[in-house]
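If you read the sequences in order, they're chains H and L. Everything in the first sequence is counted per the working numbering, starting at 1 for the first residue and increasing by one. Everything in the second sequence is counted per the working numbering, starting at 446 for the first residue and increasing by one.
What the hints contain is simulated information worked out from the structure, not anything from laboratory work. Hints may contain errors.
With the Cβ distance kept under 7 Å, some of the chain L side facing chain H (calculated, not the full set) [said to hold, decoys possible]: (1) Ala481; (2) Val558; (3) Gly559.
When the alpha-carbon atoms are kept at most 27 Å apart in a straight line, the in silico BS3-like pairs for lysine-lysine are as follows [what the hints assert, rightly or not]: (4) Lys49/H to Lys478/L; (5) Lys277/H to Lys653/L; (6) Lys49/H to Lys465/L; (7) Lys653/L to Lys370/H; (8) Lys370/H to Lys645/L; (9) Lys645/L to Lys279/H.
A few chain L positions that, by computed beta-carbon distances, are all more than 12 Å from chain H [unchecked claim]: (10) Asp493; (11) Ala513; (12) Trp519; (13) Arg587; (14) Trp597; (15) Thr631; (16) Asp674; (17) Gly678; (18) Gln679; (19) Gly696; (20) Gln705; (21) Lys707; (22) Gly728; (23) Ile735; (24) Glu741.
Ideal Cβ placement from N, Cα and C applies to all residues, glycine included.
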Amino acid sequence: MFEELAEKFTSIFKKLRGKGRLTAEDVDAALRELRLVLLESDVHYRVVKDLIARVRERAIGREVLESVTPGEMVMKILWDEIRQILGGEVRDLHVPPATPALFLLVGLQGSGKTTTCGKLGLFLKERHYFPLLTSTDTRRPAAREQLRTLAVSAGLDFFDLPSASHPRDVVRAARQFARERGRDVVLVDTAGRLHVEEELLQELKELTESEEFHEILLVLDATTGQEAVKVAERFREWVEPTGIILTKVDTDARGGAVLSIVAQTGWPVKLIGVGEKLKQLEVFHPERMASRILGMGDTLSLIERIERAITEEERKKIEQRVTKEEFTLEDFLEELRRFKQLGSFEELVSMLPVQLKGVVAQVDGEKSLKRTEAIILSMTPEERRNPSIINASRKRRIAQGSGTTVQEVNRLLREFEEIRKLWKRMKKGHALPFAKRKGFFGFGF
Amino acid sequence: MKGLWKRWLGGIERIRESVKERFAQIWSEKSTKPEAWEELEEMLIAADIGPNLALELVAAFRSFKEKARGDADWQKWLYEQLLSFFGEEEYRLFPQAQPGLLKAIFLVGINGVGKTTTAGKLAHLAQEKGERVVLISADTFRAAANEQLAIWAERVGCRFFGGSPGADPAAVVYDGLQSALKEKDTLAIVDTAGRSHVNKNLLAELEKVSRVVHRFLPRENVENILVIDALAGQNAFAQVSAIARVVPLTGIILTKWDSQAKGGILFRIRREFGLPVKYIGVGEAVDDLIPFDAQEFVRAIVF
Numbered sequence: 001m002f003e004e005l006a007e008k009f010t011s012i013f014k015k016l017r018g019k020g021r022l023t024a025e026d027v028d029a030a031l032r033e034l035r036l037v038l039l040e041s042d043v044h045y046r047v048v049k050d051l052i053a054r055v056r057e058r059a060i061g062r063e064v065l066e067s068v069t070p071g072e073m074v075m076k077i078l079w080d081e082i083r084q085i086l087g088g089e090v091r092d093l094h095v096p097p098a099t100p101a102l103f104l105l106v107g108l109q110g111s112g113k114t115t116t117c118g119k120l121g122l123f124l125k126e127r128h129y130f131p132l133l134t135s136t137d138t139r140r141p142a143a144r145e146q147l148r149t150l151a152v153s154a155g156l157d158f159f160d161l162p163s164a165s166h167p168r169d170v171v172r173a174a175r176q177f178a179r180e181r182g183r184d185v186v187l188v189d190t191a192g193r194l195h196v197e198e199e200l201l202q203e204l205k206e207l208t209e210s211e212e213f214h215e216i217l218l219v220l221d222a223t224t225g226q227e228a229v230k231v232a233e234r235f236r237e238w239v240e241p242t243g244i245i246l247t248k249v250d251t252d253a254r255g256g257a258v259l260s261i262v263a264q265t266g267w268p269v270k271l272i273g274v275g276e277k278l279k280q281l282e283v284f285h286p287e288r289m290a291s292r293i294l295g296m297g298d299t300l301s302l303i304e305r306i307e308r309a310i311t312e313e314e315r316k317k318i319e320q321r322v323t324k325e326e327f328t329l330e331d332f333l334e335e336l337r338r339f340k341q342l343g344s345f346e347e348l349v350s351m352l353p354v355q356l357k358g359v360v361a362q363v364d365g366e367k368s369l370k371r372t373e374a375i376i377l378s379m380t381p382e383e384r385r386n387p388s389i390i391n392a393s394r395k396r397r398i399a400q401g402s403g404t405t406v407q408e409v410n411r412l413l414r415e416f417e418e419i420r421k422l423w424k425r426m427k428k429g430h431a432l433p434f435a436k437r438k439g440f441f442g443f444g445f
Numbered sequence: 446m447k448g449l450w451k452r453w454l455g456g457i458e459r460i461r462e463s464v465k466e467r468f469a470q471i472w473s474e475k476s477t478k479p480e481a482w483e484e485l486e487e488m489l490i491a492a493d494i495g496p497n498l499a500l501e502l503v504a505a506f507r508s509f510k511e512k513a514r515g516d517a518d519w520q521k522w523l524y525e526q527l528l529s530f531f532g533e534e535e536y537r538l539f540p541q542a543q544p545g546l547l548k549a550i551f552l553v554g555i556n557g558v559g560k561t562t563t564a565g566k567l568a569h570l571a572q573e574k575g576e577r578v579v580l581i582s583a584d585t586f587r588a589a590a591n592e593q594l595a596i597w598a599e600r601v602g603c604r605f606f607g608g609s610p611g612a613d614p615a616a617v618v619y620d621g622l623q624s625a626l627k628e629k630d631t632l633a634i635v636d637t638a639g640r641s642h643v644n645k646n647l648l649a650e651l652e653k654v655s656r657v658v659h660r661f662l663p664r665e666n667v668e669n670i671l672v673i674d675a676l677a678g679q680n681a682f683a684q685v686s687a688i689a690r691v692v693p694l695t696g697i698i699l700t701k702w703d704s705q706a707k708g709g710i711l712f713r714i715r716r717e718f719g720l721p722v723k724y725i726g727v728g729e730a731v732d733d734l735i736p737f738d739a740q741e742f743v744r745a746i747v748f
């Protein structure tokens with residue numbers, strides 16, 4: 001999401017980094033560029049002004065001029081400011097023990113409320129809740145049909161009351177239904193409305209007054225421009241959201257709107273939608289996002305995503321294997337396939353730090369993944385379990401079978417040997433850099 | 446129709462208020478403080494025109510003011526500056542269509558910008574003009590996308606063609622266009638799935654669908670329209686760049702004008718891509734789509 005922005009920041013601060021000492025002029029020059037970068041990223045101009053002023057104040061003071069690496073100091077100040085705007089700490093969803101808890105999703109048309117509603121249901125289900133989905137959207141054609149389909153594909157319950165004349169009735173009936181069926185969270189999707197449609201906002205206000213909602217989540221499109229702040233301000237006149245779910249984070253090259261809204265309202269961002277699949281909803285981490293903006297990458301989110309791709313059962317299987325057997329090429333293949341399931345290669349690479357990205361891009365990851373897979377598939381089961389039997393003639397056969405060269409087969413075997421060494425160390429209980437992640441990071445990352 | 450124009454003009458009014466007053470004020474001042482120039486920049490940036498264009502426009506205005514003599518007319522100057530972003534006959538669809546052949550409008554854009562709604566409205570407009578319309582849904586991914594477009598078809602009173610969920614969109618479009626030929630429709634409107642412009646595979650799929658359309662019809666009979674949300678910021682620019690690489694875009698429709706967003710991104714897209722703006726969506730009702738007239742638009746802002 002913030003990739004382009006991050007790259008720009010990196011280049012700006014390279015200029016600063018080369019210096020031993022920083023003058024006020026240096027800082028000003030960098031901040032001028034910074035202003036344009038932030039504006040180009042759709043951060044609201046007032047927020048940009050504030051941010052620049054604050055960083056300048058802190059940067060031109062003694063703090064920076066006397067420190068050893070002034071450039072890094074400015075970067076840290078900026079990171080700090082952005083992180084603070086984004087909320088400092090991780091803020092979790094509040095699911096009260098009330099049965100059932102009521103969550104309301106509100107937002108503009110096309111911000112992704114219905115999809116997010118489905119995603120949130122799955123998200124809660126994965127955390128051992130029993131959500132019930134319902135929709136009060138009678139305006140957009142097939143809106144409820146969409147939610148029903150999503151619910152079915154996520155294995156969730158959907159409640160509909162076509163005869164309802166007011167959203168209030170739907171919510172009341174859904175709550176009753178949930179109570180009877182032992183569902184503990186009711187997710188209410190609403191019709192999209194513009195921040196200027198007072199009648200609809202009034203309806204929303206009445207709804208929130210008639211029922212006690214434990215979370216009112218504003219679903220916000222990350223691609224929104226300067227108008228984002230006004231949208232938030234106008235919504236606030238009618239309902240007070242308890243948090244934001246930022247959507248389309250994967251589409252957005254920049255995404256400054258979220259910085260603007262949080263700066264303006266103080267509403268915490270709780271979750272982010274990072275793709276069109278139902279699983280692609282993640283917890284929002286201000287620190288990570290701030291790091292990402294500044295080109296430090298988002299390796300933590302990557303790790304989390306990897307962990308989610310491993311089911312509990314698979315994890316046990318892997319653990320057993322670690323204690324008993326050797327790590328074989330078959331396991332390697334399995335890991336490889338799981339890696340591919342995580343998302344597109346590009347998507348994964350986008351989470352790496354900028355410095356690393358160049359290296360990975362050169363290798364042309366997607367292709368080499370496929371070749372590696374082809375090589376392993378061209379081996380016999382025996383060879384996969386015991387690669388030491390692979391002699392020159394076997395190598396030639398494998399290369400031919402996979403459409404690669406003997407050199408490539410050699411390289412794979414070499415890499416695999418490295419991984420196996422790591423694996424053995426891990427078995428002995430040595431901590432690895434990513435000890436808990438098992439094979440994934442042996443695999444080139 | 447009256448309400449429609451009111452909403453359209455209401456939108457312009459919002460821009461006029463800030464633009465005209467600020468420019469007029471600076472023009473009347475003997476010497477302008479640096480902060481005032483910066484504020485002018487910020488006003489333009491707040492309209493999503495983009496920082497570079499804003500800086501450029503303000504710098505041009507500044508030098509115009511400094512060189513200006515007594516009878517110089519800043520309104521005329523600004524009118525020409527802004528109008529230079531647009532071309533002639535912005536709003537006409539199919540300016541050179543071969544008569545007697547099927548025409549197709551191919552709608553692309555990211556999720557939630559209003560493609561399906563726009564497809565419905567376009568169908569309505571075309572039906573009014575006597576076209577035989579078929580609405581084709583190539584969105585086999587989003588849940589209930591088919592149903593949504595089918596309901597629009599029913600409202601408008603035109604034919605609907607959709608594929609089963611998960612089907613190859615290119616195949617659906619192929620079949621849809623075949624059926625249009627068979628049924629002697631005159632216009633096919635193809636709604637596509639919202640695509641994220643960073644996802645290579647999705648863009649490749651879009652390219653494939655677009656190729657199918659072009660295989661059926663001569664270039665002049667196809668409009669590849671990018672649908673953009675007026676609320677979008679500079680990010681919209683990235684969208685156009687990515688999509689323009691795979692689909693030969695021929696125009697833009699700006700939606701959600703009734704959101705009170707100023708849609709300044711239009712100027713930037715218009716300049717860097719030369720894509721004409723065809724229509725503006727001003728509401729959720731079936732006839733809430735009005736042709737874009739650049740001259741009228743700019744005149745209303747400046748004068």
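Checklist entry - Should the label of arginine 587/L as a non-interface residue stand, given a Cβ cut-off of 12 Å to chain H? => result Since the minimum Cβ distance to chain H is about 7 Å, arginine 587/L lies within 12 Å and the statement is violated.
Item to check | Per-residue hint verdict: glycine 559/L, partner chain H, C-beta under 7 Å | outcome: Since the shortest Cβ distance to chain H is 6 Å, the answer is holds.
Item to check | Proposed proximity, lysine 465/L with lysine 49/H (alpha carbon, max 27 Å) | outcome: With a Cα-Cα distance of about 24 Å, the restraint between lysine 49/H and lysine 465/L holds, given a limit of 27 Å.
Item to check | Consistency of the no-contact label for threonine 631/L, given chain H and a CB cut of 12 Å | outcome: holds, 24 Å
Checklist entry - Straight-line Cα separation of lysine 370/H and lysine 645/L no greater than 27 Å? => result Satisfied, since the Cα-Cα distance of roughly 17 Å is no more than 27 Å.
Next on the checklist: At 12 Å, judged by beta carbons, does glutamine 705/L keep clear of chain H as stated?
Outcome noted: Non-interface label on glutamine 705/L violated, nearest chain H Cβ at 5 Å vs cutoff 12 Å.
Next on the checklist: Would the non-interface assignment of glycine 678/L survive a Cβ cutoff of 12 Å against chain H?
Outcome noted: Violated, because the least Cβ-Cβ distance between glycine 678/L and chain H comes to about 2 Å, which does not exceed 12 Å.
Next on the checklist: The output says glutamine 679/L does not contact chain H. Does that hold with a beta carbon cutoff of 12 Å?
Outcome noted: Glutamine 679/L not clear of chain H: closest Cβ-Cβ about 5 Å, inside 12 Å.
Checklist entry - Is the nearest Cβ of chain H still more than 12 Å from the Cβ of isoleucine 735/L? => result Per Cβ check, isoleucine 735/L is outside 12 Å of chain H; nearest 17 Å; holds.
Next on the checklist: Hint check: lysine 653/L vs lysine 370/H, CA-CA at most 27 Å. Holds or violated?
Outcome noted: holds, 23 Å
Next on the checklist: For the restraint on valine 558/L, tell me whether the closest CB of chain H is nearer than 7 Å.
Outcome noted: Holds: closest Cβ of chain H sits about 6 Å from valine 558/L, inside 7 Å.
Next on the checklist: Checking a non-interface call: every C-beta of chain H should be farther than 12 Å from the C-beta of alanine 513/L. Is that right?
Outcome noted: Holds, because the least Cβ-Cβ distance between alanine 513/L and chain H comes to about 28 Å, which exceeds 12 Å.
Of the hints listed earlier, those the structure fails to meet are numbers 1, 10, 13, 14, 16, 17, 18, 20, 21, 22, in rising order.
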